[in-house]
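Novice: This is what each chain is made of:
Number of protein chains: 2
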Amino acid sequence: MYTVFVVGTAGSGKSTLTSSFSDWLRGQEQSTLLVNLDPAAHSLPYEPDVDVRDYVDYERIMVSRRLGPNAALIASIREVARYVEELKEDVNSFNPDFVIVDTPGQLELFAFRREGLILTENIGVEGRKTMLFILDPIFCTNVKNFVASTFLASSIYLSFGLPMIQVLNKIDAVPREHVERIQGWSESMDSLLVDLEDKLKGGLMVFSREVAQAVYDIISSIPIIPVSSISMEGFPELHAVLTRIVSEGELELR
Amino acid sequence: MYTVFVVGTAGSGKSTLTSSFSDWLRGQEQSTLLVNLDPAAHSLPYEPDVDVRDYVDYERIMVSRRLGPNAALIASIREVARYVEELKEDVNSFNPDFVIVDTPGQLELFAFRREGLILTENIGVEGRKTMLFILDPIFCTNVKNFVASTFLASSIYLSFGLPMIQVLNKIDAVPREHVERIQGWSESMDSLLVDLEDKLKGGLMVFSREVAQAVYDIISSIPIIPVSSISMEGFPELHAVLTRIVSEGELELR
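Those protein sequences? They're chains H and G, same order as listed.
Number 254 marks the last residue of the first sequence (the working numbering); no jumps.
Number 254 marks the last residue of the second sequence (the working numbering); no jumps.
Treat each hint with caution, since some may be false.
[Stated by the list, open to error] Now the stretches of chain H that chain G is said to cover, found in silico as 3 or more residues with beta-carbon under 8 Å: (1) 5-11; (2) 41-48; (3) 60-71; (4) 137-146; (5) 207-215.
[As the list claims (entries may be wrong)] Simulated restraints on C-beta separations: (6) G/Val125 <-> H/Phe94: 55 to 63 Å; (7) G/Asn92 <-> H/His178: 31 to 39 Å; (8) G/Asn122 <-> H/Glu126: 46 to 54 Å; (9) G/Asp57 <-> H/Gly127: 45 to 53 Å.
[As the list claims (entries may be wrong)] From chain H, some residues computed to sit far from chain G (all C-beta separations above 12 Å): (10) Tyr83; (11) Phe94; (12) Arg181; (13) Asp190; (14) Glu233.
Rather than coming from a laboratory, the hints here were simulated on the basis of the structure.
Glycine included, C-beta positions come from ideal geometry on N, C-alpha and C.
Generate the whole structure from the sequences, applying the supplied hints.
Specialist: Okay, structure coming up:
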């Protein structure tokens, strides 16, 4: 049983990827369990097998505690963590090849609060978990935003300590050369540095080389796989990297 | 006119700091304008002078477009960016010493979408803007989370390109030695690495050593000021760093 946590900023396409990739996995005769961890999910493009909304009701929390939407999101994720044992048992009662866990819409509720850590530590089998960090190719077309995304990914990588794969999602939505440029940055530090020096100015430019080096070190441990949740392009590669990482274990993080 | 954008993850205390620091500034006879950019703010601890909720109604967007809370937050911030000219004029019609801009509750709606960039580029006077990134001392007590927060801050620093100050907020809520430990990490690379190597294992340890080293140069250009919004401790230091950064300009980024 491999457990895959899908994380990314709001609107990056976590739920769509969860839905589409699980369809693909099932097409490969891999049994797949879908978990929704977002108590505020309104509608989902898939039918969750384990659904946190069975335990936590965002709307009820907002109304009964008279909270605004932001405070209610925080209160909800706290409540989710209280049901971690139930969620763990729900997942363990199945024994699928893959567990795909779709995380809350707002990344920071999961990634920068202790509740996220409690959930990833308890759901799935130790040593057989990975995290998919979704990159938005429209945001990442600008080299500064690409670097910002990479730093964000490494931030999450460090705090969770799980092997991570960056998924460059929605490649159907941007010209092919944008995807190639992003892949180029991840493959050649020089190409990243040239484009970065062109975009940064003044005091920030002094950091170009250090930043490029840091980003390059990070990316060498976090592969980037371009995929489309619409055409399913890239899913065989994603599946191959996932199984390799989980089967080879922690020593193969880099 | 100095413009200060207050950013941080949900619950880090952006609005409380906005309120308390502006009280302090006014006590120093600095005229201060308060701007709320969160269309989903339910109640605020201060009275905004310019309020995005006069233009964008989160609840109405949610109901009229039949969106869930996450999708409605994204739609709202898009709508906010459409009113950027109005917001700019509202701010410019005053001419205060300080403009304090409280940003949306969910950091990623502002920091990892192009709307955030549009707003910071248009509000305030070029070359006289800074960003306060709020650190939560409870989250940052763990060295991995401290590094994760620093990566997050660098990510935002690079994509906005504004001088940044990290504000270690809520120091009244944690033991003094926690604050000192966090300050120690920011002042000595060795102390950071010793604690980090103690916490990380396997492949992650190699990764952290290289990356922490490279990113340390960036950290050194983002000072950390411990403050309490309750006791106002640290506000004189914050004010001093703010005015120094803005008056000395970009060359003093490091």
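Novice: Compare the structure with each hint and give your call.
Specialist: Evaluation of the provided hints:
Counting residues of the segment 5-11 of chain H whose C-beta sits closer than 8 Å to any C-beta of chain G gives 3, which meets the bar of three, so the coverage hint holds. Look at the segment 41-48 of chain H against chain G: 3 of its residues bring a Cβ nearer than 8 Å to a Cβ of that chain, three or more, so the hint holds. As drawn, the segment 60-71 of chain H meets chain G at 5 residues by the rule of a beta-carbon pair under 8 Å; at three or more, the given contact holds. With 3 residues bearing a CB less than 8 Å from a CB of chain G, the segment 137-146 of chain H meets the requirement of three and the coverage assertion stands.
Here's how the segment 207-215 of chain H fares: 5 of its residues keep a CB closer than 8 Å to some CB of chain G, so the rule of at least three is met and the hint holds. Between G/Val125 and H/Phe94 the CB atoms are about 58 Å apart, so this pair conforms to the stated range of 55 to 63 Å. One distance hint, 31 to 39 Å for the beta-carbon pair G/Asn92 and H/His178, holds here, with the actual separation near 36 Å. With their beta carbons about 49 Å apart, G/Asn122 and H/Glu126 fall inside the hinted range of 46 to 54 Å.
Take G/Asp57 and H/Gly127: their Cβ atoms lie about 48 Å apart, and the range 45 to 53 Å holds. Non-interface call for H/Tyr83 relative to chain G: holds, since the shortest CB-CB distance, roughly 19 Å, exceeds 12 Å. The beta carbon of H/Phe94 is kept farther than 12 Å from every beta carbon of chain G, the shortest such distance being approximately 27 Å. No beta-carbon of chain G is positioned within 12 Å of the beta-carbon of H/Arg181; the least distance is around 17 Å.
Every Cβ of chain G is farther than 12 Å from the Cβ of H/Asp190; the closest lies at roughly 16 Å, confirming the non-interface assignment. Every Cβ of chain G is farther than 12 Å from the Cβ of H/Glu233; the closest lies at roughly 24 Å, confirming the non-interface assignment.
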